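> Assemble the whole structure, with the sequences as input and the hints as a guide.
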Amino acid sequence: MSEARSEDNGGNAATFDTHPGADAGVTPESPLQWSRVQGRVTEEGGAAEQIRVVERPFLGHLVLRGGAITLDEAVRAELGVSLPGKPLGLVLDAEGSRSVQWVSPDEWLVIVPAGEEFELENRLRARLGDAHFAIVNVGGGQTLLELSGEKARELLMKSVTYDVHEHGLTVGKAVGTVFAKTSVVLRRPSEERFELVVRRSFADYCVRWLRDAGREYGLRVESASH
Amino acid sequence: MFHIFCPYCQEYREEEEFHPSGQAHLVRPADPASVSDEEWGDYLFFRDNPRGIHHEMWVHRLGCRKFFNITRDTATYEILETYRMGEQPSITAANAEVRREQGVQTADGGWQTVGAQPENSRLNEETPS
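Protein chains in written order, with our numbering: chain A, 1 to 226; chain B, 227 to 355.
Among the hints, erroneous ones may be present.
[Stated by the list, open to error] No more than 27 Å apart at the CA atoms, straight line, and that leaves these computed lysine-lysine pairs for DSS-like:
| id | chain 1 | residue 1 | chain 2 | residue 2 |
| --- | --- | --- | --- | --- |
| 1 | A | K86 | A | K173 |
| 2 | A | K86 | B | K292 |
| 3 | A | K151 | A | K173 |
| 4 | A | K181 | A | K151 |
| 5 | B | K292 | A | K173 |
| 6 | A | K181 | A | K158 |
| 7 | A | K173 | A | K158 |
| 8 | B | K292 | A | K181 |
[As the list claims (entries may be wrong)] Beta-carbon label-pair distances, calculated as ranges:
| id | chain 1 | residue 1 | chain 2 | residue 2 | range |
| --- | --- | --- | --- | --- | --- |
| 9 | B | Q314 | A | K86 | 24 to 32 Å |
| 10 | A | E44 | B | H245 | 33 to 41 Å |
| 11 | B | S247 | A | A134 | 21 to 29 Å |
| 12 | B | F271 | A | V37 | 49 to 57 Å |
| 13 | B | T300 | A | G67 | 48 to 56 Å |
| 14 | A | G45 | B | R287 | 36 to 44 Å |
| 15 | B | H251 | A | A77 | 37 to 45 Å |
| 16 | B | D268 | A | P113 | 51 to 59 Å |
| 17 | A | G168 | B | Y303 | 32 to 40 Å |
Read the hints as simulated data drawn from the structure, not as lab findings.
All values reported here derive from a predicted model rather than from experimental measurement.
For every residue, glycine included, the Cβ atom is placed at its ideal position computed from N, Cα and C.
The structure is reproduced here in structure tokens:
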């Protein structure tokens with residue numbers, strides 16, 4: 001586990017890498033570990049179902065807060081994408097593996113591949129310097145579920161209050177909304193895929209709900225092994 | 227179920243995503259040490275309970291988590307407008323004309339007529355608070 005002190009990132013905040021190294025003797029467990037033990041989540045791969053739910057665990061989730069113009073400059077320089085210009089916007093980089101999402105007028109959620117967030121946070125802090133901003137690593141508190149398949153939309157129609165039709169949830173839109181009896185961030189990064197950002201402690205509940213709601217179509221929940 | 231327009235998300239969302247947070251436009255006394263107990267008590271504890279137009283603060287708690295204001299009719303539950311924090315309402319109990327232009331039926335005092343019985347007309351008169 002590496003640490004960065006204020007002199008490394010130019011600010012007055014101490015940051016640390018939340019991914020323990022292989023030599024630390026700690027095995028990371030995804031928020032769906034319990035569901036996996038209970039047999040609700042299987043290894044990735046297998047026969048095609050009408051709906052496929054895949055967990056993407058251990059991604060780097062960073063919440064950026066501050067002025068749009070200051071943050072936009074820094075994010076553009078360090079990540080190569082600009083902040084979404086409109087409310088509810090979702091911007092992906094050319095590879096499609098890094099995204100910036102509008103959460104509220106002064107708050108954005110950045111999701112990057114596992115292990116990149118610590119370095120990115122330090123680079124952003126160094127670039128932002130004395131500006132008025134906050135960066136919080138929330139990767140430990142939430143996880144990402146990907147929904148795909150032709151019936152995925154129908155499954156969501158039963159689960160969220162938001163209008164998930166083409167005219168409501170267009171590609172490149174991300175909304176916070178009600179999912180069953182909890183809340184999720186619902187994202188539409190591409191035409192054939194939906195993403196749910198769920199809270200860690202509600203991850204098992206969400207999986208149970210999805211399995212129940214998707215039973216009529218045929219649904220399998222998978223998680224990549226770590 | 228209401229559809230409420232969030233002025234920050236700039237679209238209509240289900241009522242379930244929102245939560246009311248009481249009367250809007252409360253102004254904290256600039257110098258709390260110098261106000262009387264009565265004024266301070268009024269500021270802390272006493273809220274308006276009008277029959278008709280009321281300005282309230284709501285929070286979009288499952289969406290953008292921002293507070294904003296709603297002008298609402300407490301008699302009909304009709305939401306007349308929503309506006310951001312720091313802004314002033316364009317519709318108030320005093321300007322009935324604006325409401326009429328927007329197609330909302332009002333009595334002379336600016337109070338809603340729907341559901342008001344003639345024998346209860348006294349209730350529709352504004353009393354000095």
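> Holds or violated: 24 to 32 Å for the Cβ distance of Q314 of chain B and K86 of chain A?
holds, 26 Å
> Check the following: the C-beta atoms of T300 of chain B and G67 of chain A are separated by a distance inside 48 to 56 Å.
violated, 38 Å
> Below or equal to 27 Å on CA atoms is what counts here, so check K173 of chain A against K158 of chain A.
holds, 19 Å
> Does the Cβ pair D268 of chain B, P113 of chain A satisfy 51 to 59 Å?
Roughly 56 Å apart at Cβ, these two residues keep to the hinted range, so it holds.
> Is 36 to 44 Å respected by the C-beta to C-beta distance linking G45 of chain A and R287 of chain B?
At 39 Å between Cβs, range holds.
> CB of F271 of chain B to CB of V37 of chain A, is that within 49 to 57 Å?
holds, 51 Å
> Between K181 of chain A and K158 of chain A, does the CA-CA distance stay at or below 27 Å?
Satisfied, since the Cα-Cα distance of roughly 12 Å is no more than 27 Å.
> Holds or violated: K181 of chain A and K151 of chain A, Cα atoms, limit 27 Å.
Satisfied, since the Cα-Cα distance of roughly 21 Å is no more than 27 Å.
> If you draw a straight line from the CA of K86 of chain A to the CA of K173 of chain A, is it 27 Å or shorter?
holds, 10 Å
> Does the Cβ-Cβ separation between H251 of chain B and A77 of chain A fall within 37 to 45 Å?
Holds: the Cβ-Cβ distance is about 41 Å, inside 37 to 45 Å.
> Is K151 of chain A close enough to K173 of chain A, meaning Cα to Cα at most 27 Å?
Between K151 of chain A and K173 of chain A the Cα gap is close to 19 Å, so the pair holds against 27 Å.
> Starting from the range 32 to 40 Å, see whether the pair G168 of chain A and Y303 of chain B falls in it by beta-carbon distance.
violated, 25 Å
In the structure shown, a violation is registered for the earlier hints numbered 13 and 17, in ascending order.
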